[in-house]
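Number of protein chains: 2
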Amino acid sequence: MEQLEPISRMVAELSHLPGIGQKTAQRLAYHIASMPLEEVRNLATALWQGRKSIRYCEVCGNYTVSEQCEICSRSERHNGQICVVRDPRDVIAMERMHDYHGLYHVLHGTLSPLDGIGPNDIHIKELMDRIEKEPPDEIILATSPDIEGEATATYLARLIKPKGIRVTRIAHGLPVGLDIEYADEVTLSKAMSGRTAM
Amino acid sequence: MEQLEPISRMVAELSHLPGIGQKTAQRLAYHIASMPLEEVRNLATALWQGRKSIRYCEVCGNYTVSEQCEICSRSERHNGQICVVRDPRDVIAMERMHDYHGLYHVLHGTLSPLDGIGPNDIHIKELMDRIEKEPPDEIILATSPDIEGEATATYLARLIKPKGIRVTRIAHGLPVGLDIEYADEVTLSKAMSGRTAM
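Quick note, the sequences are listed as chains X and U, same order. The opening position of the first sequence corresponds to residue 1473 in the working numbering, with each subsequent residue numbered one higher. The opening position of the second sequence corresponds to residue 1473 in the working numbering, with each subsequent residue numbered one higher.
No lab work stands behind these hints, which were simulated from the structure alone. It cannot be assumed that every hint is accurate.
Under the rule of at most 25 Å between Cα atoms (straight-line distance), these lysine-lysine pairs were calculated in the DSS-like manner [as the list claims (entries may be wrong)]:
#	chain 1	residue 1	chain 2	residue 2
1	X	Lys-1524	X	Lys-1495
2	U	Lys-1605	U	Lys-1633
3	U	Lys-1524	X	Lys-1495
4	U	Lys-1633	U	Lys-1597
5	X	Lys-1524	U	Lys-1633
6	X	Lys-1495	U	Lys-1495
7	U	Lys-1524	X	Lys-1524
8	U	Lys-1633	U	Lys-1662
9	U	Lys-1605	U	Lys-1635
10	X	Lys-1662	X	Lys-1605
11	X	Lys-1605	X	Lys-1635
12	X	Lys-1605	X	Lys-1633
Note that the structure is predicted; figures quoted are calculated from it, not measured.
Given only the sequences and the hints, what does the whole structure look like? Please build it.
Encoded structure:
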């Protein structure tokens, strides 16, 4: 017996999702086939209606259900600072620290020539237009400290600094709680070169 | 900023799936939010339409899109044998060996008093009705060799044997390719007690 066509189609669609291989997709598909109709409807509706209702904030590119995201539309946010991040998940992470009161700009990716992702494939033009219209005091580059994140930060710094805007990069160093013994060399060297006076 | 409501709903629904925790659900939800509309539509449709089109075979309880499953509706299958399995995935596994030509009966679960699953919660009545209507020569109990599987097999054997039908249990022993050194004691003891003449 071949696998039923509806199950094969579920497997095909599910296995497109990140981290879901053929085996997991199959397990999920068989589980979904055995779920009450009502629950599957809720799942499918949540995915489709959810996706349909989500769009990019017209200012910063963060996810939103209206024109502007919750952060851009809040007047108490300090609009002299723009923190540039790779994707909306990073905004959530930054907001969790309850310590930053400026605005964001979501790039939706980082430069990665090997994957064919150049400056026009991520929201750099939107950032430059935004800076042009209303120049901030500071741009904080908060892309990850990996090759793509560093390349993107360097690229942006070179683009923005000539406009006389202060450009900063989040600090690299030892994560809190990590024993020096277990730190990798690059992190340790970044921590050394970024040392501050006590 | 709180998580967007549509994303929270996706996370809630996705985390109901087996093996998908809060973190994975969140990663998936953010990925789905960034997927092209068309792809999300395909995913949601595959799940919902797929689930809607799948029902239980009226004879054996296997998944099907018509009244009877592919196996029950095929005339060349030997209907003197019924192989009893826990769920439709087991049918696929059995069919992969291309060696069994009888019919199946899918229980949709195994007895598990601790989880409150008794004889009326799985398709035992359907099996008994089927045996009553058209008694087979042999019932092969192919539930897994775990506590629930064994309990279910014992329960069914006690129910069916008095009807004069041959009841067999699939063999337990060393899986092919496993070094004896690495076999657990229970498997090894089953392999010893189930030894056959050469």
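Status of the hints after comparison with the structure:
Between X:Lys-1524 and X:Lys-1495 the alpha-carbon distance is near 29 Å, which puts this suggested pair outside the 25 Å criterion. At roughly 16 Å between alpha-carbon atoms, U:Lys-1605 and U:Lys-1633 fall within 25 Å of each other, so this suggested pair holds. Between the alpha carbons of U:Lys-1524 and X:Lys-1495 the distance comes to roughly 22 Å, so the proposed pair stays at or under 25 Å and holds. For a cut-off of 25 Å, the pair hint linking U:Lys-1633 to U:Lys-1597 stands: about 15 Å separates their Cα positions.
The suggested pairing of X:Lys-1524 with U:Lys-1633 is violated, with an alpha-carbon distance near 57 Å, which exceeds 25 Å. A distance of roughly 20 Å separates the Cα atoms of X:Lys-1495 and U:Lys-1495; the hinted pair therefore holds under the 25 Å criterion. With a CA separation close to 22 Å, the supplied pair U:Lys-1524 and X:Lys-1524 stays within the 25 Å bound. Restraint check: the Cα-Cα separation between U:Lys-1633 and U:Lys-1662 comes to about 23 Å, which is no more than 25 Å; the hinted pair holds.
Taking the CA atoms of U:Lys-1605 and U:Lys-1635, the gap is near 12 Å; set against the 25 Å cutoff, the hint holds. For the proposed pair X:Lys-1662 and X:Lys-1605, the alpha carbon gap of about 35 Å is over 25 Å, so the pair is violated. Only pairs whose Cα atoms come within 25 Å are accepted, and X:Lys-1605 paired with X:Lys-1635 is accepted, the gap being roughly 12 Å. With a C-alpha separation of about 16 Å, the suggested pair X:Lys-1605 and X:Lys-1633 falls inside the 25 Å cut-off, and the hint holds.
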